Amino acid sequence: MPWGDGMTIKHHLTENLLMGYAAGTLPEAFNLVVASHVSMCDTCRAALESYEALGGAVLESRGVDLADDGLAACLARLDDAPVADRPAPVRPVPGALPAPLRDYIGGDIDAIRWRPVGGGVKQAILPTSDAASARLLFIPAGAAVPDHGHRGMELTMVLQGAFADETDHFGRGDVEIADEELEHTPVADIGADCICLAATDAPLRFRSLIPRLLQPFLKI
Amino acid sequence: MAPAPQTDTAPFVADMILIRDHRDRQAFARLFAHFAPRVKGFLMKSGTEAGVAEDCAQDVMVTVWNKAHLFDPSRASVATWVFTIARNRRIDLARRDRRPEPEDLGWGPEPEAAQDDTVVLQQETEQLAEALASLPDRQRELIEKCYFGDLSHREIADVTGLPLGTIKSRIRLALDKLRHAMG
Ligand SMILES: [Zn+2]
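Those protein sequence lines, which keep their order, are chains X and R.
Each residue of the first sequence is one higher than the last, beginning at 94 in the working numbering.
Each residue of the second sequence is one higher than the last, beginning at 1414 in the working numbering.
Honestly, the hints are just simulated from the structure, not real lab data.
The structure presented is a predicted model; accordingly, all values stated were derived computationally and were not measured.
Just so it is clear, CB atoms sit at the ideal spot from N, CA and C, and this is done for glycine as well.
Hints are not guaranteed to be accurate.
What the hints assert, rightly or not - Simulated restraints, written as ranges between beta carbons of each label pair:
1) R:P1576 x X:T101: 37 to 47 Å
2) R:D1529 x X:A285: 43 to 53 Å
3) X:A295 x R:L1586: 32 to 42 Å
4) X:A234 x R:H1593: 33 to 43 Å
5) X:T107 x R:E1543: 18 to 28 Å
Claimed, not checked - Take a look, some chain R residues computed to stay more than 12 Å from chain X by CB distance:
6) A1427
7) A1442
8) A1527
9) Q1528
10) D1529
11) V1532
12) R1551
With the sequences and hints as input, model every part of the structure.
Here it is in structure tokens:
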């Protein structure tokens, strides 16, 4: 699959997100966005692994004493079978979606169970911890997602098609990172329906009346 | 492949290869003596009670043994790799936020993983550890807090003054080679 080189990706993860993911301290929904983007982007994969090296340096800095029989107890648990017998990592079957996301969906794009939310827009909520929520968004070609602002941090990653808003244009693999400052109206490119993965650590607030009425149904 | 020479700049890489290729328990004992106390310390700093941290440190070291074939010295030092296993153990322990992994590159270490690449990456990782140790206390402690889980994604520490860019470029080259080898 020709992704990985990240040649067409313009909008990357922030250093903060990569460091949080390396440290293992992000909400699950954000972990899913990071894992999905890194699957498609070697630039961010290399940055992530450098933050893991920093974690290694933190680990190295000091230790504490173990119980006296620690090593013996551990040796007793080791299996001498050659590692050659263990399965080598296999490259996942190529799909339209990155593998970590397919795990959450239980399949590829055709397995997504969409729920309409009005205006041709559809969504599918993914099961994560409640520290943040994750959902897939389907925006028909040329359609807009209601004008909205954010109380928390919102990450939106393009999986298919593209969208544009007041700030920039986002294509496949790109991540838009929105915070309290940003009020925007994402519009899908006319060429293709747009599918995004969106994660937020706070409920969205919509500015116009109708979408606000819809909010309970959006469950966000 | 010939075992990598044990050098000061690639600590424990040779032991990992002995474990991988020869299931060498003496090499494992050396790794255990160095890393198990550090993993226990890391878990305790992350809020794990001492007895649980001790048990989990053993789990982590058993995983090091079981997954030795997945260690790639051209992309990570042994300390880095052990850190990722300890981090994952801590996440399992908390049972709160799952952490899905990126898509696997599906490629173990190259059989002839270029010795030069490995040595340079290991040297650069060593320099990173030295740079971290020489930061002003306050800045270093903030970074440690990030990794111990005391800071949220909104409070992440500033890492200026650390040579992370060098390591990032090195890993990026290793990834390019992998992609190229995969065609
Ligand atoms: Zn990226």
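We went through each hint and held it up to the structure:
1. R:P1576 x X:T101: 37 to 47 Å: violated (29 Å)
2. R:D1529 x X:A285: 43 to 53 Å: holds (45 Å)
3. X:A295 x R:L1586: 32 to 42 Å: Once the Cβ atoms are compared, 39 Å apart, the range 32 to 42 Å for L1586 (chain R) and A295 (chain X) holds.
4. X:A234 x R:H1593: 33 to 43 Å: Since A234 (chain X) and H1593 (chain R) have Cβ atoms about 36 Å apart, the given range 33 to 43 Å holds.
5. X:T107 x R:E1543: 18 to 28 Å: This hint holds: roughly 26 Å between Cβ atoms.
6. A1427: holds (16 Å)
7. A1442: Not fine: 6 Å to the nearest Cβ puts A1442 (chain R) too close to chain X.
8. A1527: holds (17 Å)
9. Q1528: holds (19 Å)
10. D1529: holds (18 Å)
11. V1532: Label holds. Min Cβ-Cβ 15 Å, cutoff 12 Å.
12. R1551: Its Cβ never comes within 12 Å of chain X, the nearest being 15 Å, so this holds.
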